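Quick mapping for you: the protein sequence lines, in order, are chains A and B. Counted the way this note's numbering counts, the first sequence spans residues 1 to 103. Counted the way this note's numbering counts, the second sequence spans residues 1 to 165.
Just so you know, these hints were derived from the structure itself, not from any lab. Note that the coordinates shown come from a computational prediction; the quantities given were computed from them, not determined experimentally. Do not take every clue at face value.
To spell it out: a stretch of chain B is covered by chain A in this simulated footprint if at least three of its residues, at any positions, have a beta carbon under 8 Å from a beta carbon of chain A; those stretches are [claimed, not checked]:
# : segment
1 : 23-37
2 : 40-50
3 : 86-98
4 : 135-148
Backbone N, C-alpha and C fix where the C-beta goes; we use that ideal spot for every residue, glycine too.
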Amino acid sequence: MITFRRYPHVKDLIEYYANDTKNDSVLGILTNGATNQNDAEELSRFIWHMADKMSIDCNNNKQVLGHTDNSEMLPDVEYEITLYLDQLGYINIWDRISDEENP
Amino acid sequence: MEEHLQFKSRSDLKDIISTLEEYLARPITPGNHPTLYKDRADGKYRTIMGVRVCDYKFSQDEKWVLPDDQMGLSFSATWKNLKDVHRLVTRGVDKSGISKRADIYWVLQNSDLPDNLKFVQDRDPKKNGHYFLTVTKMIKVSTLVENLKWVSNRMSIIKDGSIAL
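Build the full structure now, drawing on both the sequences and the hints.
Have a look at this one:
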């Protein structure tokens, strides 16, 4: 199971959006960890799509985790995800997906 | 604020950042304070007087902040670190349909600080380029808030001028 020690709310946020978008793969990764390169790629891409969805929800005044704007959590997401993937040796995958998602 | 630089693209920002030496920076979206947060009453993300409980170590009665050299407000000291954070906080569009923007607030690593605050590098070997603005002795939360405002008033800004494009 993935745990984020410094910013534990990051997991709540990812879990919320994985459920919201019915992304069973990401829910599985949260439970079992990123066990291979495909998982790392899937998780990396999901983070960018989650940020997109957060922006849409904020613009629609949708309450997520009790608030309409959670964008201040995004630096925490970056901290935890890059730390997690770097520890597994997958930081290059994060970097590649991030460049692809932000041409 | 000592300097007012402006960027219109991430490439511009990279060029400007490359001219700075030993900086510590935070991307801040319009309407947000550079060192304090909007109040949240509950949850793992709650705040006390604009300070997040996940950023500092508080006494049990939550009136004091305790020293910890690996807890504090987060700052980027390298372009790689700053780029990732900036890309995430500016992802998507605002309510007007315009791409989200963020100004870069920065200070020099050896800037004068109140004597109870200190910049300390993240000790995690995977977090090169990341710093905390730590508390060095037990202080009242109200004192930390005043000191964080003091720091914010001395930060320089690189303005996001991409809206003009």
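Hints, verified against the model:
Here the segment 23-37 of chain B counts 5 residues with a CB under 8 Å from a CB of chain A, which clears the bar of 3, and the coverage holds. Under the rule that three or more residues need a Cβ within less than 8 Å of chain A, the assignment of the segment 40-50 of chain B holds, with 5 such residues. Counting residues of the segment 86-98 of chain B whose C-beta sits closer than 8 Å to any C-beta of chain A gives 8, which meets the bar of three, so the coverage hint holds. Coverage of a stretch by a chain is defined here by at least three residues with a beta carbon nearer than 8 Å to that chain's beta carbons; for the segment 135-148 of chain B and chain A the count is 0, and the condition is violated.
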